[in-house]
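Listed below, chain by chain, are the residues.
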Amino acid sequence: MLELRLVQGSLLKKVLESIKELVTDANFDCSSTGFSLQAMDSSHVALVALLLRSEGFEHYRCDHNLSMGMNINNMAKMLKFAKNDDIITIKTDDGSDTVTFMFESPTQDKISDFEMKLMDIDSEHLVIPEAEYDAIVRMPSAEFARICKDLSSIGDTVVISITREGVKFSTKGDIGSANIVCRQNTTVDDATVIEMNESVALQFALRYMNSFTKATPLSNTVTISLSNERPVVVEYKIAEMGYVRFYLAPKIEEDEPETSFV
Amino acid sequence: MLELRLVQGSLLKKVLESIKELVTDANFDCSSTGFSLQAMDSSHVALVALLLRSEGFEHYRCDHNLSMGMNINNMAKMLKFAKNDDIITIKTDDGSDTVTFMFESPTQDKISDFEMKLMDIDSEHLVIPEAEYDAIVRMPSAEFARICKDLSSIGDTVVISITREGVKFSTKGDIGSANIVCRQNTTVDDATVIEMNESVALQFALRYMNSFTKATPLSNTVTISLSNERPVVVEYKIAEMGYVRFYLAPKIEEDEPETSFV
Amino acid sequence: MLELRLVQGSLLKKVLESIKELVTDANFDCSSTGFSLQAMDSSHVALVALLLRSEGFEHYRCDHNLSMGMNINNMAKMLKFAKNDDIITIKTDDGSDTVTFMFESPTQDKISDFEMKLMDIDSEHLVIPEAEYDAIVRMPSAEFARICKDLSSIGDTVVISITREGVKFSTKGDIGSANIVCRQNTTVDDATVIEMNESVALQFALRYMNSFTKATPLSNTVTISLSNERPVVVEYKIAEMGYVRFYLAPKIEEDEPETSFV
Chain A
1 MLELRLVQGS LLKKVLESIK ELVTDANFDC SSTGFSLQAM DSSHVALVAL
51 LLRSEGFEHY RCDHNLSMGM NINNMAKMLK FAKNDDIITI KTDDGSDTVT
101 FMFESPTQDK ISDFEMKLMD IDSEHLVIPE AEYDAIVRMP SAEFARICKD
151 LSSIGDTVVI SITREGVKFS TKGDIGSANI VCRQNTTVDD ATVIEMNESV
201 ALQFALRYMN SFTKATPLSN TVTISLSNER PVVVEYKIAE MGYVRFYLAP
251 KIEEDEPETS FV
Chain B
1 MLELRLVQGS LLKKVLESIK ELVTDANFDC SSTGFSLQAM DSSHVALVAL
51 LLRSEGFEHY RCDHNLSMGM NINNMAKMLK FAKNDDIITI KTDDGSDTVT
101 FMFESPTQDK ISDFEMKLMD IDSEHLVIPE AEYDAIVRMP SAEFARICKD
151 LSSIGDTVVI SITREGVKFS TKGDIGSANI VCRQNTTVDD ATVIEMNESV
201 ALQFALRYMN SFTKATPLSN TVTISLSNER PVVVEYKIAE MGYVRFYLAP
251 KIEEDEPETS FV
Chain C
1 MLELRLVQGS LLKKVLESIK ELVTDANFDC SSTGFSLQAM DSSHVALVAL
51 LLRSEGFEHY RCDHNLSMGM NINNMAKMLK FAKNDDIITI KTDDGSDTVT
101 FMFESPTQDK ISDFEMKLMD IDSEHLVIPE AEYDAIVRMP SAEFARICKD
151 LSSIGDTVVI SITREGVKFS TKGDIGSANI VCRQNTTVDD ATVIEMNESV
201 ALQFALRYMN SFTKATPLSN TVTISLSNER PVVVEYKIAE MGYVRFYLAP
251 KIEEDEPETS FV
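Protein chains in written order, with UniProt numbering: chain A, 1 to 262; chain B, 1 to 262; chain C, 1 to 262.
Calculated directly from the structure, the hints in this document are not laboratory data. Heads up, some of the hints might be wrong.
Computed list of chain C residues with no C-beta within reach of chain A, every gap over 10 Å [said to hold, decoys possible]:
(1) Met1
(2) Glu55
(3) Ser123
(4) Asp134
(5) Asp190
(6) Ser227
Covered stretches of chain C, going by a simulated chain A footprint (3 or more residues, C-beta under 8 Å) [said to hold, decoys possible]:
(7) 76–89
(8) 104–114
Glycine is no exception: its CB is placed at the ideal position from the N, C-alpha and C atoms.
Pulled out of the complex, with its shape left as it was, chain A reads as follows (with noise of 0.2 Å):
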């Protein structure tokens, strides 16, 4: 049996409209850890890595490690019936095929169930080695999502080049050429904050780095972890309950076909 009982409801709907459009189909593996989700995109190049440890949760009962297959787009659309401050359980019985949302208003005077069948999903679990990165910022996450927004309307991809001074984001296109540069800025809080071993410049597509933004109401800041020859990790921490991480192979040249990230 599994009942998992979140007070802050709107979270998982925020977390969930982070990773649809990326996401069609995927399996939500719970175990005493937490509640994760690891997927690829449709087409193979981007990853989504999403872990809601179990602590945060107000109730987390789970007899027996459990991967449930959920189509994401329904699973959204079930979600949106939640407002903002409803109480969120998810339930499901051993050995059932369907899952049950229900959701509490803080006042109890109007509760919602939705059951919905559960799927059988292919998938591989990949291991990603915790790594030391080259490059590491932190930034606003709305100012991140701003620049991949503005360089879209320009160009396809962005060079990203970190050096000690900051963050630079360039891009070009028929139109011309633009070039943002965030500065380090450690005296305010949540602003742009650099470490780095080594300066690294690497080029991604900008239509993926779009989608990640969707996880900006999620989390003020974002952090991109950079190395040469690596995938990027983008990714937006869940107050006191985990992440929501996304994985980009950078483009080698700008005129070949985007590597698969497997």
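Put chains B and C on the given structure of chain A with help from the hints.
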């Protein structure tokens, strides 16, 4: 001669917005009692009844009973010109084939008038007997609107079930099933209140329910009156003036076509 | 060399938004007087004239008179990157075929620059004689925008009639006719004020009037100058810097094609 002056002009705008999705052309009937309308939707499944009592107008002159045929969309277009605090006057002369709407800003700095051609519309006036209902729910209109909208993303029909504890809205569709329960709460103003002789469970097309909720801006609460084998009445009261009521025949079997209202 | 630094960057964004619907490509002319533009719309019916005086810039260096041909849409796209409180610098070198826009955040934490190719655009500079007008209306720009938008839902042309009492906007269409009168009011700031030698009534295409109102964010008031047999001037003043003016030839007969401006 007809001359009706309504200080709260925003009210007439909201009335038109509430019916224009359902009704294309309709006769507005003016008598000493008030300004009223009764019309069926084009598929003859739902009925709208509007009453604005003469006492609610600042000035109400109606020398003879009069029926003015109007295209509801065109009338709504003209009323969009009125700002929410404008005073609206409706005027026509006996035998004239046009009606004039006049909008005055509260400061009298801006005065607009619109002349619109009247139409000849065949219509039959149904006498709707006042009746006892098995169960009546009064609930926040915004909550009812949200429930109808949310359920539409899952199914096409809603079963409304009323018991002493509360009202339950249920639907099912390809992606799963949903139940929303609003519990009776007599301790808070404008919360859900149930009055019942007998428990009922009736099924309706969500498409029409969603149309009815266009009247939500007219009132903080909506009253839903249900009896077996009778059309449901969804009523929005218009403060001190009257009401907009929507009637809809229940669906007998899920797979059958909707019963016609008359 | 050209280097113009504008502290109130939002102003240039609004200017571009106000003209981009009407003008595709245009030459920006820089001289010691200021930064200006004159362009006709693609159908040669309306004319736009912009002036930003050199005194309004924080720094204004223009060694030689210069004409920079730009695609207005691309320029507007680049200016969208600037936040409203960004400082904008426009730079180019003598003989260069590119122009650079630089946006600095007030804290200097974020600096963006954009390089755009200049274009060769044939254009003829019209000398528009300063003239006396039969009647001039100054009215709230938001009110004028709303009137043009509202009337467009009924008809294609507007008759603007000015008398000592006020200004009347009239249209007719298939669904009826509409008149909106704004009365002169000299007791309130930014209300409607009439100056006239002679009453006028001229007819214009609403489509152009609606385009002109894209300049509404530039100023709280708009000035409309009318004379028989002369193009109307719709002017939005830009505080302490200059103006955007739109010129439109009146329609002579309702059924005739619009007169070309030149």
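Against the structure, the hints come out as follows:
Consistency note on Met1 (chain C): stated as away from chain A, and its beta-carbon is indeed over 10 Å from all of that chain's, at 20 Å minimum. Every beta carbon of chain A lies more than 10 Å from that of Glu55 (chain C), the smallest distance being close to 29 Å; the non-interface claim holds. Remark: the non-interface label on Ser123 (chain C) is consistent with the geometry, its nearest Cβ contact in chain A lying 21 Å away (cut-off 10 Å). Consistency note on Asp134 (chain C): stated as away from chain A, and its beta-carbon is indeed over 10 Å from all of that chain's, at 44 Å minimum.
Every beta carbon of chain A lies more than 10 Å from that of Asp190 (chain C), the smallest distance being close to 34 Å; the non-interface claim holds. Its beta-carbon lying about 41 Å from the closest one in chain A, Ser227 (chain C) satisfies the requirement of being farther than 10 Å from that chain. Under the rule that three or more residues need a Cβ within less than 8 Å of chain A, the assignment of the segment 76–89 of chain C holds, with 4 such residues. A count of 8 residues in the segment 104–114 of chain C with a Cβ less than 8 Å from any Cβ of chain A is obtained; the coverage claim is therefore met, three being the minimum.
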